[in-house]
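Colleague: Below, each chain spelled out in residue letters.
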Amino acid sequence: MPSITKPLIPLAPLAKNELGLTIRDYEGAMSTLCAGCGHDSVTAAIVHAFWELSTPPHSIAKLSGIGCSSKTPTYFVRGAHGFNSAHGRMATIATGAYAANRELTYLGISGDGDSLSIGLGHMAHAIRRNVKMVYVIENNGVYGLTKGQLSASADIGSKPKKGEANIIAPIDPIMLGLSLGATFLARSFSGDKEQLIPILKAAVAHNGLALIDVISPCVTFNDHEGSTKSYRFMREHEVKEVVADFVPLRREIHASIPSDGTRVVPMHDGSIVRFRSVPEDYDPHDRSRVEEYIREHHARGEVVTGLLYVDESGQTLHEMGNTPSTGLNKIPLADLCPGSSALEALQEDFR
Amino acid sequence: MSLDVLAHAPTVNDFSVKLANVNGTGSASANSLLMQAIFRMGVPVSGKNLFPSNIQGLPTWYEIRVNAQGHTARSLDYDLMVAMNSATYREDIADVVHGGYVLYDSSWPLDPDLAREDVTFLGVPLATMCIENFVAPRERILMKNIAYAGSLVALLGIDVDVVAQLLAETFARNEHLRESNQKALQLGYDYAIENFSCPLPFSVAPMSATNESILIDGNTAAALGCLYAGATVTGWYPITPATAVMDNFQRLCQKYRRVAVTGEDGETTYQNNFLIVQAEDEIAAIGIVLGASWSGARSFTSTSGPGISLMNELLGLAYYTEIPAVVIDVQRTGPSTGMPTRTQQADILLCAYASHGDTKHILTFPANPAECFEMAVTCFDLAERFQTPVFMLSDLDIGMNDWVVPKLTWDDNFVPDRGRVISDAQLAGMKEFFRYSHEDAEHVTARTLPGSDEKGAYFIRGSGHDQFGRYTEKPEEYQQVVDRLARKHTAAAAHVPAPIIETREGATVGLITLGSCDLAVREARDVLAEAGIVCDYMRVRGFPFVGSVREFVESHEHCFVVEQNRDGQLRTLIATETGAPRESMASILAYGGFPLSARTVIDAVTEHLEG
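Quick mapping for you: the protein sequence lines, in order, are chains R and B. Sequential numbering from 0 applies to the first sequence in numbering that gives the first Met the number 0. Sequential numbering from 0 applies to the second sequence in numbering that gives the first Met the number 0.
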């Protein structure tokens, strides 16, 4: 039952962030997912990222669709407002919420069924509109809640627990994102919190939609021999050539930038992403190079992880709409209604 | 054929004209010019555009009905046919009343087979005229329309100065176009004056019945209502016949919602106090509305039947999780794609029970553009008060045709009903907050908005939840919530627009209707009264129904439910939801796609009572 809560009594004094909150303040209800589920690791990384960023819990809106991944928003940041919506529709609701109130931090949690099958169109259009949100796909190549059907991200040749190997081409959200004009694309592995936490933090700072495809193995239905979304496969085939750190605005950022030619990407809010390890010929601003790089590795059976593409110059939905910097939901209705004399005057056109 | 052998009784301000055109040839502006001129002369008038789902080349008709008493529902008795489409000559000529007239383009001879002895043919060499007077090919086609309008001005006694003034206003920024239009108008006018006895036995005479009225379509009026209600965020997907709702909302927002902001540098920039999102489909459109409404903005979508079908899933989510949403459904002919440019009232049950599981929604039924304006505002109040989707069921006839309605008014003291929303200050004084607890007298519980204090944070879920908002699979906890939703829906009856009930001494028959049937049913009621059949009248304007709906049915020996769908959906809804006996209500149905006319109602009532 997701409504079971963890005891809040700390076993040892816990560190506090800038808001004076401990990591426990960013946790949620106890997970009801299977023991060892990759999604729980993603949940833990989210808890850490927000705690480290000192994001006020109430300023976070967490949204999801339907599926195992979409259950997880109850498991983190209990002080955040949450919306567990309908299968595949999270992006549409996040778009509307962001349209009404641009002042919150939006985090959408989705899965490969939710985002790459039933909600593919919505995800694609949220990317195109550059809705300012963190969009996490907890990608395990399988439908867990309905017991193991292959999803649209299953690789060719990937074997389900029962039945034949997959023969239909998979959808890669990163490659898709590149073609849709996404402004922030990252891939990570749920088993690698060290990599995922800085990516999540950079995603929160990003001015636009930050898509993070997290390979998150399903221990029950897709962690066997022949699966390309298993812990073992990922440990053997992950290529972490693109390693990025996130340095928040609040810290002394200048001191931390090495002068060794490391790439530094300033984020919209003044924080930076520092690419610590990047191949010589890799440019996270160059769409076609990124695409080529992923393809080259994919051909070798490798999965490239890291913050793969960033573009801070794109306009968000609100910037394109030229709206005020505060939420549209804050404008008193009295200021929105033109009043009786305007109505009288405008009706001259209807004579 | 001479005029004097035919007898059309002389009438003033009581006739109808049908104009048969080819779509995409520019006839619409000429036709509406005539209608607008008659309106400006103070005379009650209607214009019904019966157009195809096509951009160019198919038959299209426009009907103008003039009636001093205000009976301006669609007439089926055409005194004059303006036959401008040779492809439909035969059916168009057959449509004219005995003793009526046909105006046609005599640049080409009319097939002798088409002749009717009881009808007067008025040949105007429109094409020849325009070829002689205009050079550009496109202009020659367009001006033909204005030329026949000129002939009609003469034949119907329309005030020439009023028409000239309208042209001047329309082409205020293009003197050349104004001149060519005026010239074409004059060509047609002069020809009619010289060759026919003008005016015809039926004509227009100035009145003052429409001096305080406006000419507006329902989609524009609905958009105005949304503007005045304070909507800021919309999600929508283009669909006939609803597209103009959002087009107009956008246009109005650009005019009234662009706010000048002076920056620190003294520079003035403009900000938009609105955000209109053209969605990828109707599912996204309603999703955007839910997200925005959850966040406390007033938000709406406009669509038609196919869009409602797609929105069903999220409408159920909104119902169960109690999120406000305003949906404007401009109904068209279904099922499936149906006839996109034809009207119907066939989404009543779809909207009343949209989505799987036990769901019930609040509906409003405007009868004309003025009510589209008023009810749009009401819908936002209802949606926020009852925290649930609210539908306004307009239709193509209301939405896309220009109607003469009383001038719209606005009360500057209007206080919107934002419903029960808990602020941070209130949260501070509360021990704890639970989303679905502590219902008020109308079974509404308070909500918080995202961004409010942690104490007010909760997790919305479309899955089973208890009164605290927690996940549940326990029968009693689940039922407790859905039972309250049913009570809440019932409580909304007192707040939806009340039915309009008009009684007459000695009436034994009750006429029940809704929406755009209004004028036709009222006209039928007057005609029936003259024939000795006295009827009471009830037009329902909202769902859930108040008690008077059932009482009306039960207090009449014969009730007729007049509506524009095949299955008698309003009748079913009344019987199902009020318990009024279904067998005491006979259906009168018109669902071919054209607006209802009084004759359909009169014939059906008469036949039923005689049979």
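Honestly, the hints are just simulated from the structure, not real lab data. Just so you know, not all the hints are guaranteed correct.
Derived SDA-like pairs: lysine to any residue, alpha-carbon spacing no greater than 25 Å straight-line [stated by the list, open to error]: (1) R:146 to R:58; (2) B:430 to R:296; (3) R:192 to R:296; (4) B:254 to R:236; (5) B:254 to R:29; (6) R:329 to B:423; (7) R:329 to B:419; (8) B:182 to B:272; (9) R:329 to R:341; (10) B:430 to R:29; (11) R:146 to R:158.
To spell it out: a stretch of chain B is covered by chain R in this simulated footprint if at least three of its residues, at any positions, have a beta carbon under 8 Å from a beta carbon of chain R; those stretches are [said to hold, decoys possible]: (12) 39-45; (13) 396-409; (14) 476-483.
Residues of chain R clear of chain B, computed beta-carbon distances all greater than 10 Å [as the list claims (entries may be wrong)]: (15) 13; (16) 102; (17) 167; (18) 262; (19) 269.
Keep in mind it's a predicted model, so treat the numbers as computed, not measured. C-beta: ideal position from N, C-alpha, C; glycine also.
Colleague: If a hint holds in the structure, say so; if it does not, say that too.
Modeller: Structure-based check of each hint:
1. R:146 to R:58: Judged against 25 Å, a Cα distance of about 35 Å means the pair is violated.
2. B:430 to R:296: violated, 56 Å
3. R:192 to R:296: holds, 22 Å
4. B:254 to R:236: violated, 57 Å
5. B:254 to R:29: Roughly 51 Å separates the two Cα atoms, so the pair is violated.
6. R:329 to B:423: Roughly 14 Å between the alpha carbons, so the hint for residue 329 (chain R) and residue 423 (chain B) holds.
7. R:329 to B:419: Holds. Residue 329 (chain R) to residue 419 (chain B) sits at ~16 Å (cutoff 25 Å).
8. B:182 to B:272: Distance of about 45 Å is beyond 25 Å: violated.
9. R:329 to R:341: Distance of about 23 Å is within 25 Å: holds.
10. B:430 to R:29: Cα-Cα ~24 Å, so holds.
11. R:146 to R:158: holds, 14 Å
12. 39-45: Contact hint for the segment 39-45 of chain B vs chain R: violated, 1 residues under 8 Å.
13. 396-409: holds (count 4)
14. 476-483: Coverage by chain R is violated for the segment 476-483 of chain B (0 residues, Cβ < 8 Å).
15. 13: holds, 18 Å
16. 102: Check fails; 7 Å does not lie beyond 10 Å.
17. 167: holds, 23 Å
18. 262: Correct as stated: the minimum Cβ-Cβ distance to chain B is 34 Å, above 10 Å.
19. 269: Check passes; 19 Å lies beyond 10 Å.
Figure legend: structure checked against the earlier numbered hints; hints not met, in rising order: 1, 2, 4, 5, 8, 12, 14 and 16.
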